[in-house]
Structure formats: C-alpha cells, structure tokens
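All chains, full assembly: derive it from the sequences and hints.
Spelled out, the chains give:
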Amino acid sequence: MRLFLLLLVLSFALQWVLPWWILAIVSFVLAFWLAKKGSGAFWAGFGAIFLGWLGLSLFFHLRNDGILTSRVATLFTLPQPWLLLLVTAVVGGLVGGLAALTGYFFRRAWVQK
Amino acid sequence: MKWLRAILSLIILLALVYALNTKFGDVPPVGKFLSPFTGFWQQAESKDLAAEEELTLPGIQDNVTILFDKSRIPHVFAQNDQDLYFAQGYLTARDRLWQMEFQTHAAAGRISEIIGSKAIDFDRFQRRMGMVYGAQQSLAGMMAEPTTRTMLQSYTAGVNAYIAQLSPKTYPLEYKLLDYAPEPWTPLKCALLLKVMAYDLAGRSNDLRMINILRKYGPEVVKDLFPNYPFREDPIVPVGTELDFKPLNIPAAPENFMAEFSNKVLEKEPPAELGSNNWAVAGNKTTTGFPMLANDPHLQLNLPSIWYQVQLVAPGVNVYGVSIPGAPGIIIGFNKEVSWGVTNVDADVMDWYQIKFKDATKKEYFHDNQWKPVRQVIEKIKIRGGAIRNDTVYYTHHGPVVYDRPEEVFNKQTPVSHAMRWIAHDKSNELRTLYLLNRAHNYQDFQEALQYWVAPAQNFVYADVHQDIALWPNGKFPLKWKTQGKFTLDGSNKTHDWQGWIPAAQNPHVKNPARGFVSSANQFSAGPDYPYYINWEFAPADRGIRINQRLAAMQKISPDSMRGLQNDNFNINAQTVLPTLLAQLDKNKLNQTQQQAFLELSKWQYYNHPDQLSPTIFEVWWQALSKAIWDDEFGSKTGLEMRYPNRDRTWHLVLQEPQAKWYDNIHTPAKETLPMLAQQTFVATIDSLAKQHGALGKKWQWANHKATSVQHLAKLPGFGHENIFVGGGRNIVNATSERNGPSWRMVVALGPQVKGYGIYPGGQSGNPGSFYYDNLLETWRQGKLNELVYLQSPTDGNAQFVSKLSLRKK
Chain A
1 MRLFLLLLVL SFALQWVLPW WILAIVSFVL AFWLAKKGSG AFWAGFGAIF LGWLGLSLFF
61 HLRNDGILTS RVATLFTLPQ PWLLLLVTAV VGGLVGGLAA LTGYFFRRAW VQK
Chain B
1 MKWLRAILSL IILLALVYAL NTKFGDVPPV GKFLSPFTGF WQQAESKDLA AEEELTLPGI
61 QDNVTILFDK SRIPHVFAQN DQDLYFAQGY LTARDRLWQM EFQTHAAAGR ISEIIGSKAI
121 DFDRFQRRMG MVYGAQQSLA GMMAEPTTRT MLQSYTAGVN AYIAQLSPKT YPLEYKLLDY
181 APEPWTPLKC ALLLKVMAYD LAGRSNDLRM INILRKYGPE VVKDLFPNYP FREDPIVPVG
241 TELDFKPLNI PAAPENFMAE FSNKVLEKEP PAELGSNNWA VAGNKTTTGF PMLANDPHLQ
301 LNLPSIWYQV QLVAPGVNVY GVSIPGAPGI IIGFNKEVSW GVTNVDADVM DWYQIKFKDA
361 TKKEYFHDNQ WKPVRQVIEK IKIRGGAIRN DTVYYTHHGP VVYDRPEEVF NKQTPVSHAM
421 RWIAHDKSNE LRTLYLLNRA HNYQDFQEAL QYWVAPAQNF VYADVHQDIA LWPNGKFPLK
481 WKTQGKFTLD GSNKTHDWQG WIPAAQNPHV KNPARGFVSS ANQFSAGPDY PYYINWEFAP
541 ADRGIRINQR LAAMQKISPD SMRGLQNDNF NINAQTVLPT LLAQLDKNKL NQTQQQAFLE
601 LSKWQYYNHP DQLSPTIFEV WWQALSKAIW DDEFGSKTGL EMRYPNRDRT WHLVLQEPQA
661 KWYDNIHTPA KETLPMLAQQ TFVATIDSLA KQHGALGKKW QWANHKATSV QHLAKLPGFG
721 HENIFVGGGR NIVNATSERN GPSWRMVVAL GPQVKGYGIY PGGQSGNPGS FYYDNLLETW
781 RQGKLNELVY LQSPTDGNAQ FVSKLSLRKK
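Going down the list, the sequences are from chains A and B.
As numbered in my numbering, residues 1 to 113 make up the first sequence, in order.
As numbered in my numbering, residues 1 to 810 make up the second sequence, in order.
One thing to keep in mind: the hints can contain errors.
Unchecked claim - Straight-line C-alpha distance at most 25 Å; calculated PhoX-like pairs for lysine-lysine: (1) B/427 / B/358; (2) B/511 / A/36; (3) B/380 / B/118; (4) B/637 / B/587; (5) B/637 / B/661; (6) B/427 / A/37.
Claimed, not checked - Derived CB-CB ranges, DEER-like: (7) A/37 / B/166: 31 to 39 Å; (8) A/80 / B/589: 32 to 40 Å; (9) A/80 / B/116: 30 to 38 Å.
As the list claims (entries may be wrong) - Output of the computed footprint for chain A on chain B, the stretches with three or more beta carbons under 8 Å from beta carbons of chain A: (10) 5 to 18; (11) 686 to 697; (12) 713 to 726; (13) 803 to 809.
Calculated directly from the structure, the hints in this document are not laboratory data.
In this text, all values refer to a predicted model and were calculated from it rather than measured experimentally.
Note that beta-carbon positions come from the ideal geometry of N, C-alpha and C, so glycine has one too.
Right, here's the structure in full:
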C-alpha cells in the first residue's frame, strides 16, 4: 500500500514536468526500494499509474464535454468514446506495472548476491 | 537465474517504452500520445475562457488590448502598426499554428519531412513548379516597400513569440499525432501562403488538353466545339460599358504552331469548381439608402477553417474581416467607410512552352535563334528518418521545366519538356494592396490599392458610404494576341513570349452602372467589346446569370435579402435543358420507377433544395448524358489527355443541333441520336440510383445524395463532419457541392454606422479539442449569418465580450 501511494503521488508530480516515460523510472526505483512481492510490485505499479492516467484524462474529458475524446476515439476506430479513457489508463498501467516488477526482480537478484 | 529474469524483464520493459514512444507508419507514438500529462488530452480545452489574461511579450512596443467576442473572434487595439501586426501574428498562431505551418510546408514541398517518402512525388511537383521560387520573388517585392516590410516582420515576430512559449506538452494536437515539432516562422512563409492561394485559384491549365484536341481533330472542330466566347453569357463588365481609356496595340499573332503530342500525364490539379460570388447594390435599391455588398468565396470545405476573422484597430486603421492564417492584414472585409470582396478571375496566366535543349546535358536551350543558358537548381528534399533526395530543376527565361524527361508526372495538366510561364513567379507585392484597402476611405483609395495586385487575379467588388459601387477584374494580365496560350506554345519562338502587360488602369472595370448593381461569379470579365484577350473560357455563366436576374428584379434590398440571394438554390442548368431532355423520352418504354422519376422531374421548379429528389435525378442524368455524348471522342479511353467541350457548348448542341454527329457513339455500329442517348442515360440513371438508395423516396433527397462534408486538412477520420444537410451545388449561387462551398459568407450594409454580417463553416480555433473548432458550422448550414461586432474603441460595448487579453511590453 505504501508503495502504491508513494508511486501515485511521486509519478504524478514528476510526469507533470518530465517526459511521460519518467513513470517507468519512478516505478522501477520505488519498487526496487519498497516491493516485497512480485505480484505486489506489479499491481502497485499498474494501479498507481492506471489511476493517475485515468484521473487526469477523466478531468480533461469532463472539462471538454468529451469533444476531443469522441474525435480521437473515432480516429482510433474505437466503438465507444469512453473506451479511450480505458485504453489510456491501461497503457500507462502496463508500463508502470512492468517497470515496478522489473525493479522488484532487480532487487531480488541484487540482494541474493 | 534471478539475474536472467531481471534482465529479461528489463529488456521487455525497454522495448515496450521504446515502442510506445515511437511512430510506426501512420500510428502515433502511443504512450506519448495517450499520456494525459503530455499527450493529446492536454488539448481538450475547457469551453470557458479566462475572463482576463495578461501577457508580457518581448517585441511589443506599447500596450495592446484584445477583446474576444462570444464567437471568440479577437478585436485588437494597438497603438501602432508594428504592434497591430505583431498581435495578429501572435493570435493567429495561438489558434492556427499547425494549419499555417502545414500549408507552408506543403507549398514548399516539405511534406516528406513530416510523413516520409510517400509524399515525395507531391514534394517534387511543388518544387519543380517553382512554388518557393515564386514566393522568393514576391518576398523581394514585399520587403522592398517599408510598410509591407513592417507588416511581414511584425507578424513574423508575433508568430515566433507564440512558438517560443510552446513546449512538447502544449504543441497543437496534430504535431503530437504526426510526431514532429514546429519551427520558427519566417516572412517567406507568409509569401508561400499567398502562392498556395495563387495555385488554388490560378493554377489550372487546359493548354495540354487543348493542343491534344487540336492535333487530333484539327482547327475546325476546335473552333466549333471550343469557341472563344460562350453562346450564353452575362459578363461582369456589362456589354456596352464605355471604355475610359485608349487601348494599346496588341501584338500580332504568329503563324500557327502545333507542339507535339504529349500524353505523359497525372491528376492532382486544383478542382475546377473553386469559384465565388460577389456583388454590390447602389443606395437607391436598398432599404437604408446606402450601398450594400456581399461576398462568398467558394473553396474546399476544410477544418481548421480556411479563414480567420479579426478586427484590427490602430491609428489610421479600423478594419474587420477575414485573413488567411499565416498572412498579415485583412483580405475580405470592411472599415468605417468602405467594404470590398473578391472572387477569382479565370485569367489565362499559366502557359506552357515547348523547350528544345541543345543536348542531353540540358545546359542550353534554343530561343530567338540562339542557344541560351539554362539555370540549374538542385532541390534537396529531406525525408523523415534522415535521407535526402536531390532533384535538379531546369529554369529557362520562361520559367521552370516542370518535367524535363518522360516520367509519371504528378499533375495531369503538365506537359513534359515544357517550361511553365506563370504569373505567380513574378515579383509582386499583393500585401500592399491589402494594406491600402484596409485603410481606404473612398473609391480613389480603392483604385490606388488595386494597381499593386498581381496574382491570383481577383474580381474586386467595392461599395462605400459615399454612394459609390464598383467592380474590377484585377491583376497583372499579359498583353496577349487573341487565344495566345489556349494551346501549348513554342518556347523557341520569341513572338510566343508574353510581350507586355495590360496597363493596370485598363483592366476591365465598371463603376456606378445605370442598373444599380455590380456583380461577379467567375464568368467572363467583359464582353467581346473589351479590347484585350484575357482567356477563351471562364467559369460557366450560371451563377452570374441568376445573380443578375435577381438583383435586377430586387428592390428595397436589405441585408437579409442579400443573405437570401447567397443561399439561392435555383438551377439554371436544369431550367435551360431539362424541358428539352424530358421531351426526348419515350414514356411507354419506362418501367414504374422510371415513370415516377419522370413525373418528379416534370413537376420540379428547378430549385436544388436539400429535401428535393429531382436535383439528384437531374444531376446524375446530366453527367451521364454529357459523358454519353462526348466520352467516345474526348474521354480518357482515347489514350490522350483531352477534355469535354464546356457546358455552354453542350447546351447549344442539345438545344440547337439535333442532327450533330457527336451524338453517335463511334464504338458501336448503330448510329445514336439525342433521343436514344437521353433514353439510355435516363434509364441507367434511375437504375443506378435505385441500386444506391433503394426505392424512389427519402433516401434520394438531394442533400443525402450529395453528402456534403467538411473535412480536417489531414483528412483525419472523426475530425470533420459528414453528410451535412444542405442544398445548392455546383454552378448554383449557393455553391455547396460535395467538398467545396462558401468558405465565408459576408454581407455589409454601409452607412453612418456600418453593419457587417458573416459566417464560415467552422470556427476560430484550429484545435480539434476546442469548442470553437466548429461552433459556427450549424449557423452556416442553416444559411444564417452572425452580426459582426465592429467597435470604435476597447471601451465600446464591453457587454458583448467574454474575454480580454492585454499584451504588455517587457
């Protein structure tokens, strides 16, 4: 839970000012430091980034009455505009989850030595 | 083992991040694009604007106040010209940067830099026809004059002030989608935009088609089917208008010359239906007692909108109207005393000269009995990913040899081994015309402004508060022998060169005619009594005929009746030929659906209203019939690039020449006649419509069949609007076809308090994530106009404003 919350806050802050892939580095480092289990690391990373991306894109979506969401959804041939929010969050979540898992794996390899 | 797992996992992670950060084909970098922190979500703007905003910008000399009205149109109040155009550049870039830059990249043949090698043929064509060369010539003209130099430099500084504020996060959406970055703006780009207009409006040429027809069928057929003046015409300057000048001598026509056949050719020429309407009525015909003016330029229906509305106020100027994003000043608009508008003049200002090179090195060409040097220019086309392609272009004194060897050319109208002589390659300063028009007080100022306009030639309509109305088909016109350039020309013969110019004051013009109105709709500039040759063919006269009929009949004209005429759906073509065509049909041979269709057409009042079925039937039938008459002799199956005789000639054939040999299809043993072709094509039309839309009924409605769409400039699915329910059509006053139509409708009522009305099919913002991207479209669709807010000072009528921006000097 600590990993999840820390990741949520820190990745949100850093993505605000740095390129989007900074989230992979944050997830990796925090999971290396804090993760106890592989599945825990993945789900903390996935959940924190998923939530951050979903929250922020939902904010833009609502502020904009969904005008752009439906245009981009059509461009990507999605049948429903709301799917774009889901796709967005899942893409972010996957990177976060995989990065956290990788961080955890490195920690395990490191500690064993 | 654990290390292996860790490293494997890391490799997958890196591959995933790399893939999500990279553009593959047309797919944007998915992670970068979807991230709400940096990607497209950032462009999902709020509908509400900040009420007050203050910005400190380097380059501003004095404070500038900008008010935004409810359509988010900016009204700029500056203390001097520099700040005025700086602010115009800044605001236009803020709303339209991607559009401005993309269009200039396209004009300069630089699309391969953005989308890769698939654009290479397009880029080569743009460069080989000398778009950049022409822009450089214009730029030299504009920079040589202090006022226009200031305009360009200040506007450029304003655009760059905006670009300097951007970061990848705030780049307009299309940059994110195509994954590239904006570059600094330059005055050359402003000139390039004017060349884009010149190509769209003065970039069509029939010379190759006509020489092919001349070679195949001989001068008699050309004279018969491609005459130099229509049977039915209502020219812009009415026949009988007295000349107020003594004409120059016209160069003698040389002996006949026929260039060789050339059939190496491709599509991609500007559409023929780009045209426009404008007119002005005298005070004695209006409700207010003052003149009124209307204008609607017909261009491709695109988003972001082609035009950008703005009011520009500084000492000595207070003008409202539309600008082209990327060029300073107002192109169509009004000020306190005068209003003006433009439609295109179909002048023949693009000619093709067959070139004889001395040898394969192409270093010299033959002209005026001597070998003259060729100037070689190497174009370096950058391709996304780093590759560079070099392309050599050969320039003669005529202009560039667009294709110097047989190859698949990009534009079908381009003959191989011919040099292009095009007015848009000449030094010019169109900006000076705009500068002066924006500040004009009276007819004299208007006339003074017009002399600087070179290309694309425009019909400038004019009305002022001093009760003058006028119309000038205006531009720089070569002094030609009659029909010079109707066919391709001999590049070695000096007498085939352009040998001088029609003096600006002798361009066709009409001022305060007795009939109480002036109008233009791209038809012939003047009648056969005008002493100079401008072209042998102009746009069909239909719109002009209808507008003149209506204006002659209308009295007590109000802005609303002007608006009504802009939306007029009457089909002159149908009125002219339909009764004769219906009389050809043998009703007994028609099945039930065909009989129904026949009945429908017989009852039709010739209006292309959106809910009518008849326009659908008639338009399809007319196309099919024209094809049946002409395609066997002049169509693509002949293997030569040719064209059909024009509509006016086809009318004459159908109405007056029932025995003509052209009805016979030369590929069949039978001898076809007009009644046979009419019957065949009518049956085929109804059958194909039934196949497409089902039983004769609602689906056959004109708007449904026509399916007008407004599309994003990059044709992105979902970013435009399809199947817009509107009437009108090609050659209808309401010229809304499938993809082209009124790109700006304006009506101005001059008077002590000038009043303007206008609309375009889009919105002020170029951002697809903005409410203001297409908020005006529905009003446009309904044929309505918004009242334009014209202010005297920033404190005047504040209630109408939703937002205020102050620019402060640093």
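Here is how each hint holds up against the structure:
1. B/427 / B/358: violated, 29 Å
2. B/511 / A/36: violated, 89 Å
3. B/380 / B/118: Holds - the C-alpha atoms of residue 118 of chain B and residue 380 of chain B are around 16 Å apart, at most 25 Å.
4. B/637 / B/587: Violated. Residue 637 of chain B to residue 587 of chain B sits at ~33 Å, over the 25 Å cutoff.
5. B/637 / B/661: holds, 19 Å
6. B/427 / A/37: This hinted pair is violated, its Cα atoms lying about 74 Å apart.
7. A/37 / B/166: 31 to 39 Å: violated, 44 Å
8. A/80 / B/589: 32 to 40 Å: 52 Å Cβ-Cβ, so the 32 to 40 Å window is violated.
9. A/80 / B/116: 30 to 38 Å: holds, 32 Å
10. 5 to 18: holds (count 8)
11. 686 to 697: With 0 residues in contact (Cβ-Cβ under 8 Å with chain A), the coverage given for the stretch 686 to 697 of chain B is violated.
12. 713 to 726: It holds: at least three residues are needed, and the stretch 713 to 726 of chain B offers 4 whose Cβ sits within less than 8 Å of chain A.
13. 803 to 809: Violated - the stretch 803 to 809 of chain B has 0 residues with a Cβ nearer than 8 Å to chain A, which falls short of three.
Figure legend: structure checked against the earlier numbered hints; hints not met, in rising order: 1, 2, 4, 6, 7, 8, 11, 13.
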